[in-house]
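All chains, please: the whole structure from these sequences, using the hints.
For the record, the sequence lines run as chains A and B. To convert, note that position 242 of the first sequence is 242 in this note's numbering; the numbers rise steadily by one, no gaps. To convert, note that position 32 of the second sequence is 32 in this note's numbering; the numbers rise steadily by one, no gaps.
It is worth saying that the hints were derived from the structure and are not from the lab. Certain hints may be false.
As the list claims (entries may be wrong) - What follows is a list of derived Cβ distance ranges for each label pair:
id, chain 1, residue 1, chain 2, residue 2, range
1, B, Ala-279, A, Ser-105, 34 to 42 angstroms
2, A, Glu-115, B, Gly-294, 50 to 58 angstroms
3, A, Arg-33, B, Gly-94, 22 to 30 angstroms
4, B, Asn-273, A, Ala-176, 56 to 64 angstroms
5, A, Val-79, B, Glu-299, 39 to 47 angstroms
Fair warning: this is a prediction, and the values are worked out from it, not measured in the lab. Idealized CB from N, CA, C, for every residue including glycine.
2 protein chains.
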Amino acid sequence: MTRTVLESKTKTVVIGFDEPFCVIGERINPTGRKKLAAELEAGDFSTVEKDALEQVACGAMVLDVNAGVVYNSNPDPNVTEPPLMRRMIELVQGLVDVPLCIDSSVPGALEAGLEAAEGRPLLNSVTGEEERLEAILPLVKKYNVPVVAISNDDTGISEDPDVRFAVARKIVERAADYGIPAHDIVVDPLVMPIGAMATAGKQVFALVRRLREELGVNTTCGASNISFGLPNRHGINAAFLPMAIAAGMTSAIMNPVRVQEMEAIRAANLLMNHDPNGAEWIRFARIHEAVQGGQPFAEAAKAAAAGGGRGGREGRRRRRA
Amino acid sequence: MTRTVLESKTKTVVIGFDEPFCVIGERINPTGRKKLAAELEAGDFSTVEKDALEQVACGAMVLDVNAGVVYNSNPDPNVTEPPLMRRMIELVQGLVDVPLCIDSSVPGALEAGLEAAEGRPLLNSVTGEEERLEAILPLVKKYNVPVVAISNDDTGISEDPDVRFAVARKIVERAADYGIPAHDIVVDPLVMPIGAMATAGKQVFALVRRLREELGVNTTCGASNISFGLPNRHGINAAFLPMAIAAGMTSAIMNPVRVQEMEAIRAANLLMNHDPNGAEWIRFARIHEAVQGGQPFAEAAKAAAAGGGRGGREGRRRRRA
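Here you go:
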């Protein structure tokens, strides 16, 4: 059985075929968040702190940390990202006890993160691009960490799922040359927007099944990409995730502060027999009830965590059948 | 490709591997609805009329009609059910144009329904019980209709999915002896409550796949049974349905007047590439927005149907991304 082991200083999380779906919180990422980017340049980490605490309370089992800010004062990310990554990693692991996912396109920032992270973080990411393979796989080997492998290469992102599978296979084989085992590769088969490509869902479900059966690897994805450009995105995401889980997907990089998506994942865990005695579902149902009663999800989740599983202020309300 | 063709007087619905998921509305059923049972005994069909219209507006493609009332005045269903079934079928097909599913444990009521129904209704149901096979299959043959086959037999409902598969195979083989093709058998593999049997979800997903690949049959289920006894049942149902659809389930007998379940099915249709250009999803998103704004689902759906796809009173509100 494929088991990808992640660790913080005190906590172990296993991504695996027989494990609950691993939710990797995506919020700590200044890309496309101008306000956060400006805060980081000004040395203000309050949003990072809030995002770390909220995501873990809402059910993130791993936190992605991306330091991809383009400073106004210095536009070279090779200079600015490594120290920022180090600082963010230190900050986040001082606040929460989950393993981290070190996310950057800058190899120097990845190495800075690897030096700063306690335990066994997930590295995000390698691709099938030659330059990237040569830059990242030695880091993966040196620090003995698992890595996200994105199935694009020097020719770009193929719309043909067979090509994306072949890229994933190439990365797994190249990693093996470095002595990196398949169970430390978490493949992202790339989720296309269903609004742009009508076969995007079926492609991913079939790819996940093949990656699991033929390469024996765990899988992840940027889940919300599936619904890009369509109305009621949360409704699409909340069906996509259980379908991907049923096909064998074992993790996703996503926003865990969304109750509809997290409800779908908790229910899918229950339905996959990855929630002994339904304990997590029952705990979540109390939080869900508080949310239905008007409380924000993050607040209800934090109250439940603090109160030992009761839904905070709403926790004593009659449970609906 | 397996295609089960149902017809009303004017409308054809195909249950099939390459078709949108077929929602069979379950509401017209006095079993466990004391108020409805009393109304029917008193000759009051107003709830039946309301249920027929609401279910179709909300997205039911077929309506199940069950006349299983135990009258206070006459406790013999062999006497009371056939005329009631006939009357209900005539009433419902006068109101809505979808095909019907004639649902009874009383063979005489099934035949009364078959006589009254226009087009090509679905018969619900045969089981692997010898007496039932001998009573129902001749009706299926005589009226040339498709039939729901429930995978229990004279030994009851097995907890072993291999036994349930064997029962389904037996029914398909016995039907073939009557000249009934496999594409006119819609197998219900029986969904157990996940709260009572932790493997219930995985059992169904695996069974659906086998039924499809090895017997070439369409499948259905009483979807809400999966969540029996657990809190936040709609959340479980709304993950179960997309997962079952991803596994190959092609229909369910369910309550279509529940927005969360119908949202999950519409999204699953989109993700399975059974919603050309996302037209149904976009139409549903407008209804969903009206529901989020406080309008009851059935009302919003009816308004959208009447208004040519706009979400009624809420239809002009800004669409959220």
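Taking the hints in turn, this is what the structure says about them:
1. Ala-279/B <-> Ser-105/A: 34 to 42 angstroms: 38 angstroms, holds
2. Glu-115/A <-> Gly-294/B: 50 to 58 angstroms: 53 angstroms, holds
3. Arg-33/A <-> Gly-94/B: 22 to 30 angstroms: 57 angstroms, violated
4. Asn-273/B <-> Ala-176/A: 56 to 64 angstroms: 35 angstroms, violated
5. Val-79/A <-> Glu-299/B: 39 to 47 angstroms: 59 angstroms, violated
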